[in-house]
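Keeping their order, the protein sequence lines are chains A and B. Letter 146 of the first sequence, counting from 1, is numbered 145 in numbering that gives the first Met the number 0, and no numbers are missing. Letter 60 of the second sequence, counting from 1, is numbered 59 in numbering that gives the first Met the number 0, and no numbers are missing.
What the hints contain is simulated information worked out from the structure, not anything from laboratory work. This structure is a prediction, so every number in the text was calculated from the model and none was measured. Built from N, CA and C at the ideal position, the CB exists for glycine as well. A portion of the hints provided could be inaccurate.
Claimed, not checked - In silico DMTMM-like pairs for lysine to aspartate or glutamate, Cα to Cα no more than 20 angstroms straight-line:
id : chain 1 : residue 1 : chain 2 : residue 2
1  : A       : Lys100    : A       : Glu156
2  : B       : Lys288    : A       : Asp246
3  : A       : Lys100    : B       : Glu247
4  : A       : Lys277    : A       : Asp92
5  : B       : Lys61     : B       : Glu176
6  : B       : Lys288    : A       : Asp225
7  : B       : Lys61     : B       : Glu256
8  : B       : Lys102    : B       : Glu10
9  : B       : Lys106    : B       : Asp165
10 : B       : Lys61     : B       : Asp46
11 : A       : Lys100    : A       : Glu88
12 : B       : Lys231    : B       : Glu250
13 : A       : Lys91     : A       : Glu156
14 : B       : Lys288    : A       : Glu156
15 : A       : Lys33     : A       : Asp246
16 : A       : Lys91     : B       : Glu256
17 : B       : Lys61     : B       : Glu250
18 : A       : Lys3      : B       : Glu176
Claimed, not checked - Now the stretches of chain B that chain A is said to cover, found in silico as 3 or more residues with beta-carbon under 8 angstroms:
id : segment
19 : 35-44
20 : 104-114
21 : 158-167
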Amino acid sequence: MKAKTRQQIAFTILGLTTLLVVAPIVLTIAYVVKNGAGAITWDFLTEPPRNGMKQGGIFPAIVGTVILIIGTMLFSLPLGILSAIYLVEYAKDNLFTRLIKLSVVNLSGIPSIVYGLFGFTLFVVFLRFGTSILAGSLTLAIMSLPVIITATKEALESVPASFREISLSLGASRWQTVRYCVLPYAIPGILTGTVLSLSRAAGETAPILFTAAAFYLPRLPHSVFDQVMALPYHLYITATQVPNMPDKLKFATGIVLIALVFLMNLVSIILRAHYRKKKQW
Amino acid sequence: MPRRISEYVIEACIRMSGLVVIIFVVSIFLFLLKDSFSLFDGYKIRDFLFGKSWLPISEPPKFGVVPLLLGSLYVTFGAIVICVPLGVGSAMFIAEVAPSHLKHVLKSLVEILAAIPSVVLGFIGIVWLGPFLRNHLHLSTGMCGLTGSLLLAFMALPTVISISEDALIGVPRAFKEAAFGLGATRWQALWRIVLPSASSGIIAAVMLGIGRVIGETMVVMMVTGNSPVIPKSLLQPLRTLTATIAGEMGETVAGSEHYFALFAVGLVLFIITFIINFIADACLRRARK
């Protein structure tokens, strides 16, 4: 049959296209791991860099990235969840609501470097936070907001309307309904989306380029007004501005960064699976 | 009545946070606008928009955005030409052809790609892809537009694949079944019925892919050679809008003309991505109907 043969050919081409997409993904990971795994030692993970970064480890960069993620979470999580609650549970279909939705779409499309510029002019210069953990976390938090809002919105919308109706019909107020009959069931979706967006923030370089990142700072930060080293920025500067540094140290930094991001993704997948099992409707 | 009060407070917070989101967008725009316009106090807006050279530290300095804009457009065009056929093709395979266990594997692999930080891909561009292209295409340097386009195409794939796939899956089953009923093969149904029906969603996927590529900073800064000249081909070094901001911001003095010029570049970038996202959102909304 001619049509059958044509289908065979078309599906083979689609299959090869897909192979062309996924093979480089596997190869990329394998390439980084192969070249860097040898350099990952206990000292590499727990020592500061030495000798102009040509030796030693990346401990301050790991700590810096973790601090930035925590800071980002502290700002973006409450704000993101509350705005999503507003959009799903409170908002009427009016201009204000449409403006919020448009803003979320727009925020999600702004390039990360523009967030960097904004964070620099507002937090570093205008509010005089300086290049600091605070300025960097706030910048990353604004960047993460749209993803958190979208994920929370979806989670809230997936809770059946009957839950709300029953609660309201029993005389509960709107907030009581949200607090006791909607939020508990939306938590898994919210957590999944949040962790995912934070993992993206952890890997970002451009927003912290001039708001938080330090080129070389072997000690740990003392306050939120200190600069920090961060993993993505460390990989960037060692790849472009530090000559004569052994490549395997850079690959090893890449492995640690990828591992951190994957670990966060894994947490979100486990959370999702865990709660899905408990879902009762 | 303490409960009433706490409820009032929390509901006020909820309403406020909705407002805060709007405030963020408006203030990002206003801050960019304010600092950009400080440039135009002393520098002609015409020379910025149509100037053919970007020479921030020459005397007098020139802040023509054209080479940077063209750099961004070249790299983006290259990336999209590579990315769209690959992305839409694999979305078709994942959505309609692959058996379900393979589907799961493929989707997780795409998610893994989405999770790889861009700086890691930029690094791979420096140590492997750049030298590889230089040796095989006999270029004077591997740090050129093509290297950037290839890596950006790779990076934009998860966006294009996942949104196209959603669009394909969203086509009502009845469309396909009607085609089967008329004797169409799976491929004919996919190519003639499902794909055209999903076109709004696929256009949205392409637009969001473009937005992702044009706004990407680290990869292009690391691999495209950072040379702010009007590019003649993708095989020579060039420089994008994003890489200019990221590369030069650290060297400027806050409040100088150069500093404000970088905000003007940021404003151009903001406006471009705003338009792209607006179109993408409109397409997505049409697709949902």
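Hints versus structure:
| no. | hint | verdict |
| --- | --- | --- |
| 1 | A:Lys100 to A:Glu156 | holds, 15 angstroms |
| 2 | B:Lys288 to A:Asp246 | violated, 52 angstroms |
| 3 | A:Lys100 to B:Glu247 | violated, 34 angstroms |
| 4 | A:Lys277 to A:Asp92 | violated, 34 angstroms |
| 5 | B:Lys61 to B:Glu176 | violated, 62 angstroms |
| 6 | B:Lys288 to A:Asp225 | violated, 50 angstroms |
| 7 | B:Lys61 to B:Glu256 | holds, 10 angstroms |
| 8 | B:Lys102 to B:Glu10 | violated, 43 angstroms |
| 9 | B:Lys106 to B:Asp165 | holds, 12 angstroms |
| 10 | B:Lys61 to B:Asp46 | holds, 8 angstroms |
| 11 | A:Lys100 to A:Glu88 | holds, 14 angstroms |
| 12 | B:Lys231 to B:Glu250 | violated, 28 angstroms |
| 13 | A:Lys91 to A:Glu156 | holds, 15 angstroms |
| 14 | B:Lys288 to A:Glu156 | holds, 18 angstroms |
| 15 | A:Lys33 to A:Asp246 | holds, 12 angstroms |
| 16 | A:Lys91 to B:Glu256 | violated, 46 angstroms |
| 17 | B:Lys61 to B:Glu250 | holds, 16 angstroms |
| 18 | A:Lys3 to B:Glu176 | holds, 18 angstroms |
| 19 | 35-44 | violated (count 0) |
| 20 | 104-114 | holds (count 7) |
| 21 | 158-167 | violated (count 1) |
In summary, the structure is inconsistent with hints 2, 3, 4, 5, 6, 8, 12, 16, 19 and 21 from the numbered list given earlier, while agreeing with the others.
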